[in-house]
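S.K.: Chain by chain, the residues:
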Amino acid sequence: MKTHAKKVLLIVPSKIVARGIEAVLSELGEFRVEGILTDLSHASQMRLRNIDADVIVLDPVVFDFVSRSSVRSHISEYSDAAVVGLQTIPMDDEQKKQYDALIGLNDDPVLIVRKLRESLDSRQDNPETEEYDLSAREKEILVCVAKGMLNKEIADACNLSIHTVITHRKNITRKTGIKTVAGLTVYALLNNLIDSSSIDL
Amino acid sequence: MGNDRIVFSESMKLADLIEMNWKLLNVLSRFGIGLGFGENTINEVCHRQGIDVRSFLLICCIYTYEDYIPSSEMLAEADPLTIVDYLQNSHSFYMDKEFNSLEKNITAMVASCDQMQKKIVARFFTDYKTHVANHFSYEENVVFPYVRALVAGKTHEGYTIEQFEENHSDIDEALSDLKNIVMKYLPDTCDTVLRNEVLYRIFRLEEDLAKHTVLEDGVLIPIVNRIEGE
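Quick note, the sequences are listed as chains A and B, same order.
Okay, so the first sequence: first residue is 1 according to the numbering used here, each after it adds one.
Okay, so the second sequence: first residue is 1 according to the numbering used here, each after it adds one.
Wrong hints could be hidden among the right ones.
Cut-off 25 Å, straight-line C-alpha distance, at most; resulting in silico cross-link-like pairs (BS3-like, lysine-lysine) [claimed, not checked]:
#, chain 1, residue 1, chain 2, residue 2
1, B, K179, A, K170
2, B, K118, A, K147
3, A, K6, A, K115
4, B, K119, A, K147
5, B, K154, B, K104
6, B, K184, B, K129
7, B, K179, A, K147
Hint data in this document are derived by calculation from the structure and do not stem from the laboratory.
It should be emphasised that the depicted structure is a prediction, and the values quoted were computed from it without experimental measurement.
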């Protein structure tokens with residue numbers, strides 16, 4: 001039973017709550033807490049990326065009020081796991097919709113396990129395969145970035161919305177691990193996506 | 001986790017401290033403590049060198065324990081001038097020693113690449129260095145003098161430590177990019193041993209800079225905040 005336990009990652013600032021969830025899940029067996037993050041600092045993001053979790057239980061307070069509506073896209077940058085919200089604070093419908101399931105601090109342990117199970121089921125309905133090579137479109141945008149173009153300019157040149165350009169840029173960074181424009185330029189040159197004459201060295 | 005941590009004490013032998021965390025060797029040199037301290041304790045060595053021993057221990061804890069949060073007593077007992085001097089010496093260490101060594105390693109690593117590749121990697125590192133230098137010089141010309149003046153009882157009109165809004169993320173990102181480039185994207189002509197040497201340096205430097213940031217944001221700022229409030 002133990003070896004088949006689904007991996008759970010907690011992103012919960014309260015150690016007491018985190019330990020509590022860990023204890024409850026370990027009693028019931030089906031799910032096992034593999035890691036606890038107390039925030040989403042840089043170091044935590046690295047761990048988030050590297051823990052191959054099946055379910056993430058997230059306390060929305062780790063995000064500030066504005067980012068609370070884009071929790072899903074934040075997490076999906078790092079992990080494909082199902083995301084279960086922990087209802088520690090009131091959430092509006094828009095915020096709730098982002099989660100595969102919601103659990104409350106007063107839920108019965110058996111109910112919690114059932115909700116985690118449901119979150120996995122709903123997640124498996126739309127599996128996303130992870131592609132690590134840059135797509136043709138992403139390469140095109142990378143070249144623009146390397147040439148020093150701004151998002152607006154790239155959007156105009158490629159006939160895309162700024163929002164789409166930003167999404168592509170996020171994906172480029174996720175796939176390559178490179179965040180700065182200078183770094184992306186080096187990447188583009190080393191991979192012969194641009195030649196040195198198109199940028200000033 | 002957490003509870004079983006061994007807290008350093010001033011009566012420990014300095015050699016035992018290093019045995020527990022060899023990365024503190026860098027800390028010693030930034031404090032101007034040379035090797036050859038024999039069986040001397042932390043207290044003896046600090047006393048001889050005129051170093052505030054509580055600040056020394058606090059800094060050693062920061063470098064040794066992950067997510068270390070100093071107690072308010074530790075912060076109250078620490079000496080802001082010792083911290084500031086230590087930070088400034090760290091800057092000199094990065095700029096005068098570490099970056100030069102890293103640059104030499106990088107040059108050796110890309111020696112087999114073509115001209116254009118050498119040039120872009122070199123430029124990336126130069127830009128990074130300039131960026132860090134600007135950041136350091138702001139701290140050395142604005143923040144550190146402010147703290148020294150504050151401790152000396154002088155007040156600066158219109159400046160508080162709150163304005164020392166630190167943003168290291170771009171610096172950290174550039175170093176991490178360099179790491180990814182060296183690890184994943186340099187041409188195969190580059191020698192693996194030389195690449196590894198660069199990577200070891202970057203990993204150590206990353207960790208060291210992260211501790212440097214903790215020291216600024218988690219130690220210096222709270223200490224200065226308290227003095228400002230007095």
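S.K.: Is B/K184 close enough to B/K129, meaning Cα to Cα at most 25 Å?
M.R.: holds, 22 Å
S.K.: Going straight from one Cα to the other, do A/K6 and A/K115 come out at no more than 25 Å?
M.R.: holds, 13 Å
S.K.: Tell me if the straight-line CA distance from B/K179 to A/K147 falls inside 25 Å.
M.R.: Distance of about 22 Å is within 25 Å: holds.
S.K.: Does B/K104 sit within 25 Å of B/K154, going by the straight-line distance between their CA atoms?
M.R.: violated, 44 Å
S.K.: Do the alpha carbons of B/K119 and A/K147 lie within 25 Å of each other, as the hint requires?
M.R.: With a Cα-Cα distance of about 16 Å, the restraint between B/K119 and A/K147 holds, given a limit of 25 Å.
S.K.: Compare the distance between the alpha carbons of B/K179 and A/K170 with 25 Å, and conclude whether the hinted pair is satisfied.
M.R.: holds, 19 Å
S.K.: Within 25 Å, alpha carbon to alpha carbon, are B/K118 and A/K147?
M.R.: holds, 19 Å
Of the numbered hints listed earlier, the single one contradicted by the structure is hint 5.
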